[in-house]
Amino acid sequence: MHMLNKFKQGMWLILALPTIVVADVSEFQLENGLKLIVKEDHRAPVAVSQVWYKVGSSYEHNGITGISHQLEHMMFKGTENLGPNEFSQIIAANGGRENAFTGRDYTAYFQTLEKDRIEVSFRLEAERMRKLKIDGAELLKERDVVSEERRMRTDDNPKSLLREAFNATAFVNSPYHHPVIGWMSDINNYEVDDLNDWYQKWYAPNNATVVVVGDVEPQAIYELAQQYFGPLKPEAIATLKPQIEVEQRGLRSIKVKAPAELPYFMMGWKVPVVKTAEISWEPYALEVLAAVLDGGSSARFARQLVRGDEIAASVGAGYGLFSRLQDLFVIAGTPAKGNTVDELKLAVREQLNELKQQVITPQELARVKTQVVANAVYERDSVFYQAMQIGMLDTIGIDWHLGDEYVDNVKLVTAEQVMAVAKKYFIDDSLTEAELVPVSVNKEAEMTGVANEH
Amino acid sequence: MNTKFFLLLLALLVSQVSIASPQIQHWTTEKGARVYYVHAPELPMVDISVVFDAGAARDQLLSGTAVLTNAMLDEGAVDLNTDQIAAAFADVGARFSSSAERDMASVGLRSLTEESALQAALALYTKVLTQPSFPESSFKRIQKQILLGFQAEKQSPSALASRAFYKGLYGNHAYATMPAGTEQAVSKLTITDVKQFYQQYYVARNAVVVLVGDLNKSQAQDVAEKVTSGLAAGEAAAKIKPVVDLTQAQTIQIDHPSSQTHILMGQPGMSRSDADYFALYVGNHILGGSGLVSKLSNEIREKRGLSYSTYSYFRPMRDLGPYQFGLQTRNEQADEALKVMQDTLVDFINQGPSEAELIAAKQNITGGFALRVDSNSKIVGYLAMIGFYGLPLDYLETFKVKVNAISTAQIKQAFERRVNPNNMLTVMVGGKAK
Chain A
1 MHMLNKFKQG
11 MWLILALPTI
21 VVADVSEFQL
31 ENGLKLIVKE
41 DHRAPVAVSQ
51 VWYKVGSSYE
61 HNGITGISHQ
71 LEHMMFKGTE
81 NLGPNEFSQI
91 IAANGGRENA
101 FTGRDYTAYF
111 QTLEKDRIEV
121 SFRLEAERMR
131 KLKIDGAELL
141 KERDVVSEER
151 RMRTDDNPKS
161 LLREAFNATA
171 FVNSPYHHPV
181 IGWMSDINNY
191 EVDDLNDWYQ
201 KWYAPNNATV
211 VVVGDVEPQA
221 IYELAQQYFG
231 PLKPEAIATL
241 KPQIEVEQRG
251 LRSIKVKAPA
261 ELPYFMMGWK
271 VPVVKTAEIS
281 WEPYALEVLA
291 AVLDGGSSAR
301 FARQLVRGDE
311 IAASVGAGYG
321 LFSRLQDLFV
331 IAGTPAKGNT
341 VDELKLAVRE
351 QLNELKQQVI
361 TPQELARVKT
371 QVVANAVYER
381 DSVFYQAMQI
391 GMLDTIGIDW
401 HLGDEYVDNV
411 KLVTAEQVMA
421 VAKKYFIDDS
431 LTEAELVPVS
441 VNKEAEMTGV
451 ANEH
Chain B
1 MNTKFFLLLL
11 ALLVSQVSIA
21 SPQIQHWTTE
31 KGARVYYVHA
41 PELPMVDISV
51 VFDAGAARDQ
61 LLSGTAVLTN
71 AMLDEGAVDL
81 NTDQIAAAFA
91 DVGARFSSSA
101 ERDMASVGLR
111 SLTEESALQA
121 ALALYTKVLT
131 QPSFPESSFK
141 RIQKQILLGF
151 QAEKQSPSAL
161 ASRAFYKGLY
171 GNHAYATMPA
181 GTEQAVSKLT
191 ITDVKQFYQQ
201 YYVARNAVVV
211 LVGDLNKSQA
221 QDVAEKVTSG
231 LAAGEAAAKI
241 KPVVDLTQAQ
251 TIQIDHPSSQ
261 THILMGQPGM
271 SRSDADYFAL
281 YVGNHILGGS
291 GLVSKLSNEI
301 REKRGLSYST
311 YSYFRPMRDL
321 GPYQFGLQTR
331 NEQADEALKV
341 MQDTLVDFIN
351 QGPSEAELIA
361 AKQNITGGFA
371 LRVDSNSKIV
381 GYLAMIGFYG
391 LPLDYLETFK
401 VKVNAISTAQ
411 IKQAFERRVN
421 PNNMLTVMVG
431 GKAK
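Just so you know, the sequences run in chain order A and B. Heads up: the first sequence begins at 1 in the working numbering, then just goes up one per residue. Heads up: the second sequence begins at 1 in the working numbering, then just goes up one per residue.
Relax, there's no trap hidden among the hints.
No farther apart than 25 Å at their CA atoms in a straight line, the calculated lysine to any residue pairs in the SDA-like style are these:
(1) A:201 to A:238
(2) B:295 to A:135
(3) B:217 to B:25
(4) A:133 to B:304
(5) B:140 to A:309
In case anyone wonders, no lab produced these hints; they're calculated from the structure.
With the sequences and hints as input, model every part of the structure.
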């Protein structure tokens, strides 16, 4: 390993670099409760404007799952002063790019424009924040569009089918149980009143955060926000029930049969996230652990399971430390040709045992930290990503400054802490396993029943 | 549109200011590689990409050679093995990347510009680029993974559709296979094929070097020399044989146990240096290239709710890249959706765009021009394209003027001449209607 010596100097030098200078961020609050966060980035004469609502699939209950996503679609279908699709036409005529996305904990709308046109975005977003009109015929068509979206993303995609069943097994009473897009039978039965109720309940200035990042002047943006969002009436926003997931008492295991060619498995352990952690460093230790296993081509999974033993065609570890509710640390993969799912799962378990028994090496820890520092620089190449980070944190109820402190918090993680979270959380009693059992694509005639029953 | 909105719109359009394009500098290295450089000092980072005319279009007897060669570069170099290379890039926070499509094969590096990190990353990148060792054991593993990838394709209706589409569109031309190749060909590949491919195509005269980031001109010159000096000078790749237009309509139906049918329709479209480039590009923007506001999206999604995604695009390549239309819809209504797509195209060819549609398209394309070059990674993409396809250095500067010069008549005429709805290839992958 003479390479390590050769590059050690560089490695330590980077770690000694100061944390990225926090860019100019200004925060404002309008009288009606709307929060505005403006981050200056003067590299290019553009700006992104994002409106984040505190609502997503984890706010939904059974019977109306996916309604936040359906409402997101309806937000393009007309308001008191805009016809169906006119919103998009106006943004397009202004050279803008726009879209929207719905997650478990948020619904967000965005436009990227040349910097002088942010006013167009504010004018239109303010309009649809309080003046949406949901037309029955438009809803019927858009329900079809969403059901086609579901077929494309989930029903005809065996890995997605497995993921959906996996989440529904791992979470019993937490709303992370159900898919963001919703169950098909719920999608097919939304009524205009359901959508109107949902809109009324969550779409208001005091439940929204507007984030603007780009070549803008914060005070001018604040004045624009006052002009357009200022007159909107706030709403009484309901307090969410906590819906704390019941304690898991033993391993859960499911299989999903679907037309597929390759086997695939998922393993997920209940772990804390920043929002729920009782011990504040634990999520950061889990983050480092995920990177030790799967932080690129030099990480253990790629080095030992994909190369070394050649037992995995692909294997990955996923952990997101920013969510509203308790979440999972997920490991998923496909065995190499000639190996079975069980063999690969065993190899994964050996990897986890090693983490429980031996501290990670100083080189591995330093490598992870260096990558985190470098990524913080690379992320600034995108104004969209920067806005996304701020909006997401704020919407799940975390001080967005934590995004800037992320690098420092990761830097503080020790090898012993990584071992401690491995021992504490990778236990079978809180594990959910799911396996995709391929049914030959050519034997579809033999397929009966619903693929995702469990 | 109500009056208030219209006035606002008008005011904003009048105030439109011209946006400066990135300043591109161009030179040739001693070994003959063409360099394209933009100074971007705002962030302490640099992107380097060396692009070779070594994509799958260069595969000779065995498809998949180009992709496998490209994937082998960071598997071993000089005295370093795969693990050492991966660790050394990661230790300085650098990201190595490589990819091969039909035309281009790229080898990329993103690094911090902090001196010691940059020097370490560059030294390693140069070794990987110029002295790969092609270890046999890595070759076998990657070959096995690519073969498994073919199996994965069989569970994806969209992947099945793409493969059939290119095959139907290009027949015996090199563009006909997917870049990863075919099962049959990849199983036969040997390490010798890969080494020969590398020696012939990964050479300086066949390379474009792209540099964007916090390096001044003289640093950029040093870097460009350093990363290419170890390459053989070699020769630029020869011209590929021309793409032939389709001579008749064809429909390929593939049964798949999916709830949706994935439909692709198209024909060979245009090249990067096409004389009709702007007329076809702007015309298609109106027809199917502008997302939710395109005519296709309006007919298929907005009016009828038939598909979540529907589009058409030209994918300009060295020679005629595909002109591709696509949607996916539940099996029962596949024929109906296809009919709407065909009718929308025929109608567009017959009628041409309206003046209002053209104005809206120009506003969208030119009004959003700054968004195309608002990050280093996007500028890297444009430089690679300009360098690889030999487009003029003022491509970005003159882009808006050329778009604005297009008339409805030019679009109608170009579509009539270049797009033949009677010779379309249609691929449908899905289940039978129940």
